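Colleague: Take the position in the sequence shown, starting the count at 1, then add 1; the result is the number in this note's numbering.
Bear in mind the hints are in silico, worked out from the structure with no lab data behind them.
Given the structure is predicted, the values throughout are model-derived calculations rather than measurements.
Each residue gets a CB set at the ideal place from its N, CA and C atoms; glycine is no exception.
A hint or two may mislead.
What follows is a set of in silico ranges between Cβ atoms, one per label pair, in the way DEER data are often shown [unchecked claim]:
id : residue 1 : residue 2 : range
1  : Gly65     : Leu9      : 27 to 33 Å
2  : Pro309    : Gly376    : 41 to 47 Å
3  : Thr344    : Ala225    : 37 to 43 Å
4  : Ile369    : Ala137    : 46 to 52 Å
5  : Arg232    : Val186    : 15 to 21 Å
6  : Ile45     : Pro311    : 52 to 58 Å
EDC-like mimics (lysine to aspartate or glutamate), calculated; alpha carbons at most 20 Å apart, straight line [to be verified]:
id : residue 1 : residue 2
7  : Lys93     : Asp190
8  : Lys250    : Glu312
9  : Lys233    : Glu312
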Amino acid sequence: MKIQPRLLLATGIAILGILLAPYIQPAWLFSIFVIAFSAVLYLIRGTQYISLALGVTAILYGAGLLPLVAFGGTVAIVTLGELAFRAGGEEKLAYIHYTAGATLGALIVMAYLGNIQPLVLIIGVLVALLLRSILATREDAYMIIMLGVAMTMFLFLELDFQVNILLLILAVTIALLFGYSSFRVGAADLSGLFSGALIGILLIVFADARWFLVMLAFFIIGSASTRYQYRKKQLMGVEQERGGARGYKNAFSNGLVATCAAIVFGITHDPLWVAIFVGSIATATADTVASEIGVTGGRPYMITTFQPVPEGTNGGVTLRGEMAALVGSLIISGLAVLLGMITLPVFLICTLAGLIGTNIDSIVGATIENRGIIGNSGTNLIATFGGGVAAAVLVLVLI
Numbered sequence: 002m003k004i005q006p007r008l009l010l011a012t013g014i015a016i017l018g019i020l021l022a023p024y025i026q027p028a029w030l031f032s033i034f035v036i037a038f039s040a041v042l043y044l045i046r047g048t049q050y051i052s053l054a055l056g057v058t059a060i061l062y063g064a065g066l067l068p069l070v071a072f073g074g075t076v077a078i079v080t081l082g083e084l085a086f087r088a089g090g091e092e093k094l095a096y097i098h099y100t101a102g103a104t105l106g107a108l109i110v111m112a113y114l115g116n117i118q119p120l121v122l123i124i125g126v127l128v129a130l131l132l133r134s135i136l137a138t139r140e141d142a143y144m145i146i147m148l149g150v151a152m153t154m155f156l157f158l159e160l161d162f163q164v165n166i167l168l169l170i171l172a173v174t175i176a177l178l179f180g181y182s183s184f185r186v187g188a189a190d191l192s193g194l195f196s197g198a199l200i201g202i203l204l205i206v207f208a209d210a211r212w213f214l215v216m217l218a219f220f221i222i223g224s225a226s227t228r229y230q231y232r233k234k235q236l237m238g239v240e241q242e243r244g245g246a247r248g249y250k251n252a253f254s255n256g257l258v259a260t261c262a263a264i265v266f267g268i269t270h271d272p273l274w275v276a277i278f279v280g281s282i283a284t285a286t287a288d289t290v291a292s293e294i295g296v297t298g299g300r301p302y303m304i305t306t307f308q309p310v311p312e313g314t315n316g317g318v319t320l321r322g323e324m325a326a327l328v329g330s331l332i333i334s335g336l337a338v339l340l341g342m343i344t345l346p347v348f349l350i351c352t353l354a355g356l357i358g359t360n361i362d363s364i365v366g367a368t369i370e371n372r373g374i375i376g377n378s379g380t381n382l383i384a385t386f387g388g389g390v391a392a393a394v395l396v397l398v399l400i
C-alpha cells in the first residue's frame with residue numbers, strides 16, 4: 002500500500018509537536034500552536050480527519066484533561082501505527098506493521114518524556130488495533146481511533162496500577178497467542194482477535210491466569226456449541242453468521258462485565274468480585290449453549306407467554322436448552338472451584354446465577370429485543386450483568 006505524502010506531512014507535524022510539547026508551557030499555549038498547525042493541515046485535501054484528531058487531542062491536553070504522556074503516546078501510536086500500516090502491504094501483514102510502528106513509537110515517546118508506562122502503552126496499542134479493524138472503511142476512523150486511544154490511556158494512567166514487567170510480558174504472549182489461534186481456526190475475526198487479546202491481558206494482569214482460563218473455557222464451550230449440528234441449524238436458518246466467527250461485539254457483550262469485575266478485584270481484592278466474575282461467565286456460557294443446542298431441541302415456547310413460537314425466536318426456550326444451560330453453568334462454576342477461585346457454597350450460587358442470567362436473557366429477548374429497542378449484543382450484556390449481580394446478591398444474603 003502506497004504511503005501518501007499527505008500522511009507523511011501529517012505524521013511529521015505530529016512528531017514535531019511531541020518533541021516541542023515539554024518546552025512549550027503552559028499546556029494551553031502549546032495547544033494553541035497545535036490547533037493552528039491542524040487548521041493549516043485541514044486545508045490540505047485528504048488530511049481533514051487527521052487534522053481534526055490532532056486538534057481535538059491537543060485541546061484535551063491544553064485543558065488539563067489529558068496528561069502529556071497520554072497525549073504524546075496517543076499521537077505516536079496512531080500516527081506512526083498508521084504510517085507503518087500503509088507500508089505493510091497485504092492487510093493481515095499490515096496489522097503486524099501497525100503493531101510494531103505504534104509500539105516502538107509510543108515507547109520512544111514515553112522514554113523521551115521520562116515516563117515509561119508499559120501497561121498503558123500495550124493497552125493503548127491494542128485499542129488502536131481494535132478500533133482500526135472495526136472502522137477500517139470509515140473516513141473518520143483516524144479521529145475516532147485517536148480519541149479512543151487517548152481516553153483509554155488516560156483511564157489506565159489514572160488507575161496507576163503497578164504490574165510486574167515479566168507478568169505483563171507473559172500476559173501479552175498468552176493473550177495474543179490465544180487471539181491469533183482463534184483467528185486462524187475461524188473462531189474469531191480480526192476485531193475478535195484484538196478484543197479477545199485485550200480482555201485476556203486485563204484478566205491476567207489485574208487478577209491472575211486462572212481468571213483467563215475460566216474465560217477461555219467459555220470461549221471453547223461456546224465455539225463447540227456453535228458447531229453442534231451446524232448443518233441442521235443451517236437448514237433451519239438459525240446458524241451463526243460467518244461460520245460462528247466471533248467479533249468484538251460478541252467479546253464485549255459477553256466479557257465486559259467479567260473484565261470489569263477482574264479490574265476492580267485487582268484494585269480492591271474484595272472476593273465478592275470473584276463471584277460476580279464467575280456468575281457473569283457462567284451466564285455467558287449457559288446462554289450460548291442454551292441458544293446453540295436448545296434450538297435443535299424441538300419447538301420452543303415463549304418464556305413470557307409459554308406459547309409455541311418458531312425456532313430461533315428471541316425469548317423462545319426449550320427443555321433441551323435449559324438443560325444445556327445448566328450443564329454450561331456447572332462447568333464454568335466447577336472449573337472455578339477446581340482452580341481455587343471460589344468455595345463449594347459459592348459454586349452452587351454461581352451455577353444458579355448462570356441459570357438466572359440465562360433466563361434474564363430470554364425475558365429481555367422476548368420483550369425489549371423483539372421490539373427492536375436493543376440488539377443481541379445488548380441483550381447479552383444485560384444478561385451477563387444480571388448473572389453477575391445475582392451471584393453477588395446471593396453471596397451477600399446466604400454466606
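Colleague: Is 46 to 52 Å a correct range for the gap between the Cβ atoms of Ile369 and Ala137?
Modeller: The hinted range 46 to 52 Å is violated for Ile369 and Ala137, with Cβ atoms some 31 Å apart.
Colleague: Does Glu312 sit within 20 Å of Lys233, going by the straight-line distance between their CA atoms?
Modeller: Answer holds: Lys233 to Glu312 is near 12 Å, not above 20 Å.
Colleague: Going straight from one Cα to the other, do Lys93 and Asp190 come out at no more than 20 Å?
Modeller: Given pair Lys93, Asp190 holds - Cα atoms ~11 Å apart, limit 20 Å.
Colleague: Just to be careful, I want the Cα atoms of Lys250 and Glu312 compared with a cutoff of 20 Å; is the pair within it?
Modeller: 23 Å, violated
Colleague: Does the Cβ pair Ile45, Pro311 satisfy 52 to 58 Å?
Modeller: Since the Cβ atoms of Ile45 and Pro311 sit about 55 Å apart, the hinted range of 52 to 58 Å holds.
Colleague: Kindly confirm whether 15 to 21 Å is satisfied by the beta carbon distance between Arg232 and Val186.
Modeller: This hint holds: roughly 19 Å between Cβ atoms.
Colleague: For the hint 41 to 47 Å, verify it against the beta carbon of Pro309 and that of Gly376.
Modeller: Violated, since Pro309 and Gly376 (Cβ atoms, about 25 Å apart) do not stay within the stated range.
Colleague: Confirm or reject the claim that Thr344 and Ala225 have a C-beta distance inside 37 to 43 Å.
Modeller: Since Thr344 and Ala225 have Cβ atoms about 28 Å apart, the given range 37 to 43 Å is violated.
Colleague: Can you let me know if the beta-carbon spacing of Gly65 and Leu9 is within 27 to 33 Å?
Modeller: 31 Å, holds
The structure is inconsistent with the numbered hints 2, 3, 4 and 8, although it conforms to all the rest.
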